[in-house]
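> Chain residues, written in single-letter form:
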Amino acid sequence: MNTECDPKLAALFAEAETELGDPAFAKNVMHSIDSERRKTLLVWGALLIAALACAALVAAPLVTALDMATGLLPTSLVSVETDWLQELLAPVNSIAAALALGFLAVRMFYRRVFR
Amino acid sequence: MRYSTDLLAKSPESVLVGLSRTGNRDAFAELVTRRQTWIRNLMRRCCGDTSFADDLSQLVFMQAWRSIRQLNDAKRFGPWLKRLAINTWLQHKRRNDPLRAADEHSDADTTHRDQTGIAMDLDKALATLPDDVRLCIVLNYHERMTHAEIESYTGMPLGTIKSHIRRGAKKLQDELSAYATIAEETK
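Note that the protein sequences, when read in sequence, are chains A and B. Our numbering numbers the first residue of the first sequence as 1 and each following residue consecutively. Our numbering numbers the first residue of the second sequence as 1 and each following residue consecutively.
With the rest of the complex left out, here is chain B:
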């Protein structure tokens, strides 16, 4: 059954999830439209390359479409999608993904389409961090996840997560000290 775009745009997310579970493509397209900013930004912070982040985000949504029938509680779509996104990123880091080459970029070939100056500088600073440290920092600062949540999503030990976040935050503070100075001056 086809529903009008307006009706879908006004529908709550749980309804869209329910419709997507029955195979409704339009409802899923609306979910993608609503959630793309969040997932694409998360992937951008994780990998630092906008094009590659969009490719990974696309994989996340494709995976979501394939397995949305397994989602029993439609209200848990957000956390479920976040878990898919993190798993997609972890899988990409673990296996020798053909797309991986795109992530091992230099500053010269990094694309930053529709990125603000802060976003570009933040991504550059994040790129200086080791993979695990960067992931912990992104989940903690971008996703506002607690250490325990990061542990449950990534499977890393709690002590390691705490040390990664402490170390990563210190490095970022050093790299982005200019922004802190500007913020102080504007106060």
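Chain A extracted, bound-state conformation:
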């Protein structure tokens, strides 16, 4: 609780309170808000243009890389002579399966060590 307030000092603080109804202050605040908003819009506009330029530059190599990955992922790790066995083992006998297992192992290791 507030128990140590000196009344004379409190009265001085109250008397020192100045009425400040200056309309210029509110105008300045709103002007600053507007200019800050303009700056933010400019920055976001520049970032958007940069992002679009980057997207245009990397679009073709990205599509090629995705195409290669799509072709590479189902590739068998071990070749099996028998067709029906090859089909049966396909979900685990591929680069995609190896990557998925690797990811699960890393995640399990991370959870054991850091949580």
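There could be a bad hint or two in this list.
Unchecked claim - Stretch by stretch, here's where chain A covers chain B in the computed footprint (C-beta under 8 Å, at least three residues):
(1) 27-34
(2) 37-46
(3) 61-68
These are calculated hints, taken from the structure and not from any lab test. Beta carbons: idealized from backbone N, C-alpha and C, even for Gly.
Following the hints, put chain B in place on chain A, whose structure we already have.
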């Protein structure tokens, strides 16, 4: 949507806060007009320089505009704004603010536009106190905040706040003894 200035001037604060949350600039301008005396006086007591206090007050209102959507209860606008003001002052004290130079003023370059004699003398006396002591005194005497409230707003330990206020009040009583004498004589 635009509302007339008269309508906004007559609207309760909670309505203005609600409108400001939807991005209404006019409503926020009205809030600034209503609350400027309070915030500017608080900042003047904190830093002792009217120009610099106005700069800080402007920062407070800009911060308020940026984050007013986070204010869920429109009726809590006052305490929320006060917290923003105190945080703005604390941040200014903590970091090496370029504006800081303006605060480290001498009596000669201190500006006291539209200040009364008492206000000027009070600010001079407050300027002799260390930053933390001054803040505690201002929050206690100017804002009429309890020690527990000061603790919650500033994060200072309660014991430190009590000792700051005791020490600061004693120093102010000494510095402003002339006013106490005048008050006694006029009784």
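> Does each hint fit the structure? Answer for all of them.
Hint by hint, here is what the structure shows:
1. 27-34: holds (count 4)
2. 37-46: Coverage by chain A holds for the stretch 37-46 of chain B (5 residues, Cβ < 8 Å).
3. 61-68: Check passed, 3 qualifying residues.
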